[in-house]
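J.: These are the residues of each chain, in order.
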Amino acid sequence: MSIKLNRREVLNRSGTGFAAVALSALLAAEASASEPALAIRTPHLPARAKRVIFLFMPGGPSQVDTFDPKPQLTLSDGQLSPKLYLGQQRKLLASPWKFRKHGQCGLEVSELFPHTANCVDDLCVIRSMVTDDPNHPGGCLLMNTGERVFSRPSLGSWVTYGLGTENQNLPGFIAIGPGPIIEGARQYGSSFLPATYQGTFVSDLKQPLRNLESSQVPRQRQRVEIDALTRLNALHCESRADDDRLNARIGSFELAFRMQAEAPEAFDISREPRTIETLYGLDDPKTEMFGRQCLLARRLVERGVRFVQLYHTTDGFQPWDQHGGLKAGHEKNALATDLPIAGLLHDLRARGLLDETLVIWGGEFGRTPTAEGKDGRDHHPYGFSMWLAGGGVRGGMVHGATDEFGWDAIEGRVHVHDLHATILHLLGLDHQRLTYNYAGRDFRLTDVYGQVVREVLA
Amino acid sequence: MLFGSLLAGSSSVAGSEDLEAFFEVKIRPVLVAVCLRCHGESKSSAGLRIDSREALVLGGESGAAIVPGRPDESLLMRAIARHESVSAMPPEQEQALRPEQVAHFSEWIQTGAVWPAKTAAFATDKHWAFEPINRPALPNVRDVSWVTNELDCFIRFKQEALDLIPAPQADKRSLIRRITFDLTGLPPSPDEIQEFLDDASPAAYEQLVDRLLSSPNYGQRWGRHWLDVVRYADARDLIQLPIESDFREAWRYRDWVVSAWNRDLPYDEFITQQLAGDLQQPADPSEIDAEALVATGMLAIADFVPGDVDKQQMIADYVNDEIDVVGRAFLGLTLACARCHDHKFDPISIEDYYALAGIFFSTRVIPSPVLGNTPLVRVPLLTATEVQAILRQTQLDKQRLAELSQAEQTAIDLEFLKQLESQIATVASRDLLVAAEYLNLRDESSPVTLAEFATARQQDAAALERWLKFLKQEPAITVLSRLVAEKDPVSRTRQSEDIANRLALVRANRSEQTAYHAAVQFRADDPRITLDTAGQVAVWPDRAALAEDAQPPAGLHGPKLTTQLIHGNSLPVLRFDGEAVLQSERLVPSIGSMFVVFRPAADIPSGARIIGWEDAAVGQHGIGLMPSAAGGLHAILRRSGANGDIVAPPPARNEFQLISLTWDARGSTLYRSGELIGTNKSIDAVSSDPAISALRIGEAGSGGGPRFRGDLCELRVYVGTIDDATRVRVEDELRNRWFKVEPVSETSAEPLSPMILDSAKPSSSTVPQLSFNPRRTTEDNGSTIDNGATIIEDLYHELLSPRSPYWVHAADRLNSLSLEARNRLVARREELELLKKKPAAEIPQAVVVQDGGPVGTKHEGFQDAVVYLRGNPATPGERVPRGVPGMLAGSDSTPITTPPITSGSGRRELAQWLTHPSNPLTARVLVNRLWQHHFGEGLVRTSTNFGLRGERPSHPELLDHLAGRLLDSGWSIKAIQREIVLSSVYQQSSHASAATRETDPENRWLARMPRRRLESEAIRDSLLAVSGQLDRSAGGPGFLDAKMPQRSLYLMSTRTGSKTADFNSLFDGPAGGGIIERRTQSIVAPQALYLLNDSLLDEVSAALARRVSREVDSGRLEQRITRLYELALARPPSAAEIEIGRQLVSDPNVGDAWTRYCRVILCTNEFIYVD
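As given, the protein sequences belong to chains X and B, one line each in that order.
According to my numbering, the first sequence is numbered sequentially starting from 24.
According to my numbering, the second sequence is numbered sequentially starting from 28.
Don't take every hint at face value.
Partial list, derived from the structure: chain B residues whose beta carbon lies under 8 Å from chain X [as the list claims (entries may be wrong)]:
#1 D170
#2 W173
#3 N972
#4 H1018
#5 T1083
#6 V1111
#7 L1116
None of these hints come from the bench; they were simulated from the model.
Just so we're clear, the structure is a prediction, and the values are computed from it rather than from any experiment.
Glycine included, each C-beta is placed from N, C-alpha and C at the ideal position.
Using the sequences and the hints given, assemble the complete structure.
T.: Shown next, in the form of structure tokens:
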């Protein structure tokens, strides 16, 4: 399909199908004028990763119970914390879980994640994440859109806008979560970017995309009808030949027809062999849901989807939010996600996809080293852990550190904006140059902030 | 793409406009971001300022910074290229300009250092948009025949300069389709088309326009355009936020907007009501302007997170959102940019921002911050009087419902009691015997199971179990223990029959009335009273039929059990010590009577109540009984605030007294020892406060006074009217029990004790010590059931109590009744059912703003704002007086005289300033927006940004002409729209000649009408309209299901996307997130999938096919196809199109070929594009 659009038309809408076009004035400016408008965009810089899988853990996993061991916290269990939280001085709470060194790198991981721990040589654990918002809505929005209050395009939208997508027959950005998520569509929305870049949210894993099947007619008959439609549209176009949009829309029906064939296949995990099902934990009810999400993520990136975000919402919309019941809650969450995540990392590596796929794990913030009640921890934005793996990331390393109790990030602080700058950098995008003009100024994912964390680059 | 074409290419720059654009994109941002902090107005390091071309040429201490045309001689170039000869700029290495940026500066200086503004500094007051509105003269147009009205002159003048030939006038079909969609968002019907075609008069089009402008569908269309720029959503989040923190009544604001457009509410008034409608209320407090209140919903639906823990930040955030929407919707200015620093491009300082912020900080969206999710400000949309009336009615209904429920329960209870008593008389003997047999058998270690035994005896196993439990209860009932212990079956049968006969006798002797109506009966001599370890009553058995036992309320203790000499007899009494309370769950009967045997302590404080069965708050409902120390009485009776109190003097001596109090149709009456001591006829019943659901003995009544001190022997309450004879009988019974004149000897054969206890087996640590009862009969071997009627009577009471094997819980009682009994109750239920179904009287309310900052914050009341440095509330700066942006205070010749803000938040003054005829922006921004919606693009294409970074108008004189017309028309929006759509430019065909396309590819000069894709709402509304299903009713809360037939304006949207109807997001409809300047028009495959496969289209296509076949005889294929085209595309089909249609509908293999064909037509480009 070859459709010629002038630049202004491109700006007004977003091209045919899911084909995403980099539209920023700057990118457009720097592109050669003869380049076809619908091509995949060449990034600013050499790309280390081609695609992203973001494993989002809503609610805020506790750093001191997962990837940031604190022996001093264990020793000081029950003592008052020197730091105030919301004006209160609370008691330190030792982690109920033991940490052990794993892999060749000897990185310490808590016993909550026995399977992920086996992949530790692939992980780059950032122990010095900081965010601005101690609340779920603002924290999630900041992590996923770079802004804690106002409507802004999501990370996945920016990436798709900047790079386009490799498979025109599937959405470029897909978010998958079995339950509702806090702040809803804002987390994956395109805000002021054209609607093409919004994430497609899949909550029913059995019926991932709508309207892929006609309830009324068989495929052949639909073919006949689309042919008739094309003839009618051609008659309409005869006296309107200058309007490229009309041709683009004719093309969109052709694409839709092809998607009906391709998309169900992409989402159909029943085609996977038993060994793969076992690898992702599909045969155990405890791991099945997140396992399905992980397996879907692999099938989608394999088929050229640019950005896949998985929301772990098997138990409520923020399952990691253990103000109480830390032990049972974190254990349950870890159990549900650990094996599938390890399976995903293994599988990506086995297929040679890991080198070009950036995998990100984390929540909107961490949890306090102090206790809330007897067996809980509060929200904690001042220092928490996330990890990266795959495309362009140095595996088997720790970046940054929190203080002796796991409170403040004191070394190599990585703000959410810095993480975003780094993710874009790995994808070959310069966070300062990936802009979109809206409301009188150029907007970026990182606002006026962000530094690429060079230490984590391979 | 002016910048794009320039920047994409090389330095082959042409016109000055391109050079200006180059400056704006490449140079100015760097100067502002990197250089200005040290070389601007506030600080000019080394004497150098960089905020104007002149300043750069003039230079600083080191000489000229730039030499236009000579980059190599310009000091600035050496500084930014970091030559060793000069100080590197900026000094910080990490902020050094990138090589390409340095190259841009070089190119800029090379091409003459073009600086767009006519005057020097950034803070220009000569930006076109800030200049007063001109009344431009009409340009001289050569082609006057083309001109229909004045605005055509401006358009044609530019075209002539470019040798553009306007497109011919559109054909009438295209025109009616265009104007109908444009003004109403709906397609024209075939009849409307025909009427227009048939009307050959020159005024036909004008009449069509007027008809459409006055259609109610107009407001639904144009109101939506407005909602786009005020970031409207129906709610923030319908799932995770509590109701009070979400703006779920936003739809009232949406409906107000629709109505305002339909009424052509003058635009100045439209603005004023949205900003300050709450301050425009009638002076008379008994009146209310609900519309104006609702209008402030525009501010109230601010975008912020109501659960933010940092409430300062939260308030600052919604203030920022309000400033943003006011700036962009009304002024076309990005005011919110100045939150953290002076606006980088526009002459808006951080002080200007905080002057406005002071106005909005002094306006509350939330009443006051609270922990967790903060509620929003809401007000009722009725006057105080109306609200009071509704509240009163609600209260009355609630009360009546409680009364009826109580009456119903009483009626059910009476039926149940009848059933219970009949069971005692008919089946108790047999059931008792079966249970006794089973216990005997079991004692003999027979292996028979309970179930087997029950089956063998044709007894229900559950019933048998209940009997076993009854027989085993503590303290045991001797007569039953004896029966159980009887080994001889014959004797056992005889005893059981004997018991049954005596029970029947008790029943026969019972007074209908007292037996059936006793609701409460507490006796101090009740052997079942259980004490706690402190000797205080823990559980007090209620002797009344159907009644549950009483307990002290949580946290309080019960009275002590002790003995007193009463008329010479040592009798048990309950001693209340001023702390003790017993509580029994029960509503006050509206009609009834109460009997009390008691004596107040001599030191009882005044106001102490022996009975506190009143509402705690204001003395509106219920009953209280208040003795004085000398034994005087004050009976409190209330019916919804009216009282029927009785005050009676003390008796001669303060001794134990028997009191009867009745309240019914005769009024309230008080007797002491059978003598009338007071009456009050003012009320015929008492009301019960549904909130007070317990009879409290010894509890303080309303006002929380002291508690009762003294001794209580017995308390009874009867429901319903009790006649005098019955009252006397009850009094006799009580007198006999408590006031027997002659002492009874230890050896009396007549036991007073109600029940024989098996004292050898304490039931628990709280078994009462029964030594107080001197006449308790020890178990004498010979006596069987002969020791008195009292024993059997008590057994009878036990069988009527919650311990009875025949007991059924209140909730299940109705179902346990016989059909006949239930039928008797039906009539009573009718009013009750009606009342239950009556919808709760609703007080309509709206989310609004109110004057004065949130209570309990530093913004409470009216406060000027403090500048937040870097936008951070944690770093406050100077305080700025509330006011409007300084540089926009009007020009010298036409100043905007805004009164100073002396009281209140200043929103009224802000509205006055915005709507002042000399404000250059308000009218321009509006007419530009109207133009945008008629032509797809505004004259200024950045319709929410008229600042320096916004685009310049294509036709500045036309913009001012329209703005002037708006002011002249008294801010009539419809007048401007009428002028626009009646123009020749609007009536052009959308077909462009090759020459026009060549000269003006972007159609800035409008030598053709742009072809437009329908918006999301219009697509769905068209589908419903052409298939004949559209419901044009207006208003009310939004709906989620896209298949509902109402217009798409009412599809639900939320800020977070939860519970947002999914249709809109598919076709670039509003997401509810932020201000929408202009809708995108994406063309993506999911849209095609939706049209091809969604079930909405299944229904619409089928309905359209049915409509076509209904309207045209089925035999005439060609006419039917023609009808389909007229309905869907507003024109007849061509021969080729008919042929395609014929092929599709003639396929014999497709059952619903017409439905499929209709769907194809609905999928065509023509259906969703308007020429």
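J.: Please flag the earlier hints that this structure goes against, numbers listed from lowest up.
T.: Hint check: 1, 2 fail, others pass.
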